[in-house]
Amino acid sequence: MDPRTTLRLLPWSSPEGKPCFLANASEGGYLSRLADETEDLQLSEGLEVLVAARKLLGDPLSPNVEVRYTAIRLSECLADALRVAESRGRRLPAPGDIHPGDGIGDEADHAARALAADHAADSPSVPGRPARPA
Numbered sequence: 001m002d003p004r005t006t007l008r009l010l011p012w013s014s015p016e017g018k019p020c021f022l023a024n025a026s027e028g029g030y031l032s033r034l035a036d037e038t039e040d041l042q043l044s045e046g047l048e049v050l051v052a053a054r055k056l057l058g059d060p061l062s063p064n065v066e067v068r069y070t071a072i073r074l075s076e077c078l079a080d081a082l083r084v085a086e087s088r089g090r091r092l093p094a095p096g097d098i099h100p101g102d103g104i105g106d107e108a109d110h111a112a113r114a115l116a117a118d119h120a121a122d123s124p125s126v127p128g129r130p131a132r133p134a
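Here the working numbering is used: position 89 in the sequence shown is 89, and no number is missing along the way.
Derived by calculation from the structure, the hints in this document are not laboratory data.
It is possible that some hints are incorrect.
Claimed, not checked - FRET-style restraints, in silico, Cβ to Cβ:
#1 LEU92 with GLU16: 41 to 49 Å
#2 SER32 with SER62: 23 to 31 Å
#3 ARG88 with GLU48: 16 to 24 Å
#4 PRO19 with PRO63: 47 to 55 Å
#5 GLY58 with ALA79: 21 to 29 Å
No residue lacks a Cβ here, since even glycine has one placed at the ideal position from N, Cα and C.
Just need the whole structure built from these sequences, with the hints factored in.
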């Protein structure tokens, strides 16, 4: 394999459950775009499950079966989010390649802060856990 070959971890597994990779992922190829869309969908779904879980866990009378189902869905979404984080982390430039003012990371930082602020007000805290400061 060429030393410049990069591998992108894809957001799905093979039928045998093994990780799938895309070699020399070009930022506009069909498979790369499909992976980006799948990652976005997984993160969006995870956020929806998190909001629903917070509501369910905020109700002390929630049935055990619903709490169990919510825990299962949360674990699935967490696994997806961790896979997305690993994939995106592998594609980050090396620390020496980032220079102040070059814009790398600025958009993602802004989007993450905006998303957190939007959902902090909508999400009740989990009982027994202090609310997070905004």
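query = Is 41 to 49 Å a correct range for the gap between the Cβ atoms of LEU92 and GLU16?
reply = violated, 29 Å
inquiry  = Quick check: does the Cβ-Cβ distance between GLY58 and ALA79 fall within 21 to 29 Å?
reply    = Distance hint for GLY58, ALA79 holds at roughly 24 Å.
inquiry  = Holds or violated: the 47 to 55 Å window for the beta-carbon distance between PRO19 and PRO63?
reply    = violated, 36 Å
inquiry  = A range of 23 to 31 Å was offered for this pair. Does it hold for the Cβ distance of SER32 and SER62?
reply    = Roughly 41 Å apart at Cβ, these two residues miss the hinted range, so it is violated.
request  = For the range 16 to 24 Å, tell me whether the beta carbons of ARG88 and GLU48 fit it or not.
outcome  = holds, 20 Å
Violated hints, in rising order: 1, 2, 4; the structure is consistent with all others.
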